[in-house]
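A.B. asks: On the provided structure of chain D, position chain L as indicated by the hints.
Protein chains in written order, with the numbering used here: chain D, 1 to 436; chain L, 1 to 436.
Note that these hints are calculated values from the structure, not bench results. Please note: incorrect hints may appear among the correct ones.
Intra- or inter-copy, both count: the list cannot distinguish identical chains.
As the list claims (entries may be wrong) - Below 25 Å or equal to it, Euclidean Cα-Cα: the simulated PhoX-like pairs (lysine-lysine) are:
id: 1; residue 1: Lys339; residue 2: Lys192
id: 2; residue 1: Lys277; residue 2: Lys150
id: 3; residue 1: Lys277; residue 2: Lys339
id: 4; residue 1: Lys242; residue 2: Lys277
id: 5; residue 1: Lys60; residue 2: Lys351
id: 6; residue 1: Lys192; residue 2: Lys277
id: 7; residue 1: Lys339; residue 2: Lys356
id: 8; residue 1: Lys60; residue 2: Lys356
id: 9; residue 1: Lys60; residue 2: Lys150
id: 10; residue 1: Lys278; residue 2: Lys42
id: 11; residue 1: Lys75; residue 2: Lys46
id: 12; residue 1: Lys60; residue 2: Lys277
id: 13; residue 1: Lys411; residue 2: Lys356
id: 14; residue 1: Lys242; residue 2: Lys398
id: 15; residue 1: Lys278; residue 2: Lys332
These numbers were taken from a predicted model, which means no experiment stands behind them.
What follows is each chain in one-letter form.
There are 2 protein chains.
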Amino acid sequence: MGSLQKDHELENEMVSVTNPLDSEELRRQGHMIIDFIADYYKNVEKYPVRSQVEPGYLSKRLPESAPNNPEPIEKILQDVQEHIVPGITHWQSPNYFAYFPSSGSIAGILGEMLSTCFNVVGFNWMSSPAATELESIVMDWLGEMLTLPKPFLFSGNGGGVLQGTTCEAILCTLVAARDQVLRNIGRENITKLVVYGSDQTHSAIQKAAQIAGINPNNFRAIRTTKSSLFGLTPDSLLSTIKSDVEAGLIPFFLCATIGTTSTTAVDPLGPLCKIAKKHSIWVHVDAAYAGSACICPEFRHFLDGVEDADSFSLNAHKWFFTTLDCCCLWVKDPSALIKSLSTYPEYLRNKASESKLVVDYKDWQITLSRRFRSMKLWLVLRSYGVTNLRMFLRSHVKMAKTFEELVASDKRFEIVVPRNFALVCFRAVPSVIKLR
Amino acid sequence: MGSLQKDHELENEMVSVTNPLDSEELRRQGHMIIDFIADYYKNVEKYPVRSQVEPGYLSKRLPESAPNNPEPIEKILQDVQEHIVPGITHWQSPNYFAYFPSSGSIAGILGEMLSTCFNVVGFNWMSSPAATELESIVMDWLGEMLTLPKPFLFSGNGGGVLQGTTCEAILCTLVAARDQVLRNIGRENITKLVVYGSDQTHSAIQKAAQIAGINPNNFRAIRTTKSSLFGLTPDSLLSTIKSDVEAGLIPFFLCATIGTTSTTAVDPLGPLCKIAKKHSIWVHVDAAYAGSACICPEFRHFLDGVEDADSFSLNAHKWFFTTLDCCCLWVKDPSALIKSLSTYPEYLRNKASESKLVVDYKDWQITLSRRFRSMKLWLVLRSYGVTNLRMFLRSHVKMAKTFEELVASDKRFEIVVPRNFALVCFRAVPSVIKLR
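Bound conformation, chain D alone:
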């Protein structure tokens, strides 16, 4: 074993030269990155918001294969500035007004850094108790800030979980709802299941239904009109359900939206949930964008009726100052998720899970491995505090209100639908355009 031993010593010597987690090298390079990031934010307003590059620009600038030898961080950061920054669409620019916002913050960025630092693979409680417990705690905190009904909170036997995006949140709840029904009526009836949304509902729901094996013909994008401000009307839901039932189909899932993507329309939760309940339909409330605003008492009324829903989600990475990704999902009946999403192979067994005293979030989501996302939400809540967070949200809404008034007072433009939150839908008046 002499020669192996020698090899091993040699190897150790080589590795110690380039220990990939050397703390002082991490410190040195880390400080450089922070200055790079701070400089980026100092200058972000100067960049054209939308990247001006042409398709394929980057392959012309980068080598054809990975380098054989290490390159210094200085050179890499120079390349980031020269070749990556021009290809960035600057979502964090104050001049960015596309889609919904991606409202980052210092606290969100720092929280993400801490989560990256610990780099835990938090599939179950034991794999890092702090990751699981902090998540349950902040989800109850945020749930209380939203005055979500008690049955959605851990303190009321429901509970919250951080998913990556609304797509995942909807897929998890839809699969739970699907299996709840199929357990009663038999799996062979999967082709009869019907999902409901409106023609304003986010495409996430149709995709989730598709992934979950629901017949694509059984997805109902119920028509909305301007007369209901593009909200899903109870009458149209009821008549659609009735004709499906008459056709021998089985309604099982409704996605209602608070703040649709196109116009921030609000579906009337109360009446929709009442209809859904009568037909044993699971109601998920997607408040991806607008949910955050509901921590302000004056906007909370938009959630009225949520007490009769089964699950509720909002994206903290949209309008709640965490970075992507951070979707907050609350469910009244976590066991419905667990029945569909739990796995417990030999290599994951442990005493804590067996004790049933802990939450194993792997059973609340699609993936096994999961990041320590609660860290950034915790930092946002603490760094700003509830009062400031409300103030931020109100200031955005106020700016939109001011803009809406300016547009309304200009005859060249018209407001298309009344503003609910911080999105203003307007257009150039066609007749005026013609005149010009």
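C.D. replies: Structure of chain L alone, referenced to chain D:
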């Protein structure tokens, strides 16, 4: 509008005091975080690897609700050290030997920080061309390092995509395979579809099948034995397929593994793919852990036969020095993914997508929003270079080999299966235990 104007000015003044993205405040707090992180790594070896806390420890230490007022970063970091660190299971400790590793690195951490900095929501090319193009480029780089057959690379009309985890990678390919079959035989036959793996295959495959609406009775965990070193034998696959076909069922998906979770067993890709091809079965190769090692020529033979598979994935966050999450998935036929996972609502339409000259990764994955994950993979490849990366991997395997030899030379222990990579399966010899 006078009073609104005044309100607005006041508001602006207040917000400017606490601009959540102020560059100099970001710089100040960012440097503090870097020192915190560097100190963590300086001390990580001193912590007990496994957290010693009891279930529910954290709720006893944190307030019952979110604070109303802001708290300084100094106080928050103090709480992280006092209350979070004790609840961390230290995956990055050099003394950590549970599960598969989560091999972080400075380059991985820094890449994650840059990705967080830009905080782009990169669903399609236009939303940040650099994010999409860098991903395609590094996936071709890594594919070439693995000498993946050309049809898996963009340069060969296949392509790679970064998913969060293997669970997502498998779900995407399974749904693509499912729909390919159902388009031919009709959706009503979904209940007849059968998925194959071995009793050593990761639970991710069973969960993916369950999410995708496959009848849970139609998941085959084919028995393996020590005589085949826990690899799936072609004979057992063939006989299982035959009996399913005879029963009127429809085989459609096989997950073969290179480096199983329990023993790093290797399924024989070549013969398995040949059988699968004859029955039009999609083969996904899950090399979550062991795939990384295959950038070393001496380990590449473990992938022999991959040329006949349809998709291949490895987790760069396991053994390739990126932080969680970073699963690399290559497919030969991206259009199969796109047919199942594409959405194109009004609010996402744009000229670049219409030109068909760009990749819109939203159609290659479950979620719409996606993080700039390629940044960390790029930094890892450049900061270390191919030569060093191979050296790191070899040094891990060599350490395992040394340990294996030490164990084998000690009569109290026995090696259970021969070592393939850096995992050594051993146990105390039962008879020796009895004697003591």
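A.B. asks: For each hint, tell me whether it holds in the structure or not.
C.D. replies: Structure-based check of each hint:
| no. | hint | in the structure |
| --- | --- | --- |
| 1 | Lys339 with Lys192 | both (21 Å within a copy, 22 Å between copies) |
| 2 | Lys277 with Lys150 | within (19 Å within a copy, 53 Å between copies) |
| 3 | Lys277 with Lys339 | within (21 Å within a copy, 34 Å between copies) |
| 4 | Lys242 with Lys277 | within (14 Å within a copy, 45 Å between copies) |
| 5 | Lys60 with Lys351 | between (54 Å within a copy, 22 Å between copies) |
| 6 | Lys192 with Lys277 | within (19 Å within a copy, 32 Å between copies) |
| 7 | Lys339 with Lys356 | within (15 Å within a copy, 41 Å between copies) |
| 8 | Lys60 with Lys356 | between (55 Å within a copy, 19 Å between copies) |
| 9 | Lys60 with Lys150 | between (56 Å within a copy, 20 Å between copies) |
| 10 | Lys278 with Lys42 | neither (55 Å within a copy, 60 Å between copies) |
| 11 | Lys75 with Lys46 | within (23 Å within a copy, 34 Å between copies) |
| 12 | Lys60 with Lys277 | neither (57 Å within a copy, 38 Å between copies) |
| 13 | Lys411 with Lys356 | neither (64 Å within a copy, 39 Å between copies) |
| 14 | Lys242 with Lys398 | neither (42 Å within a copy, 67 Å between copies) |
| 15 | Lys278 with Lys332 | within (18 Å within a copy, 47 Å between copies) |
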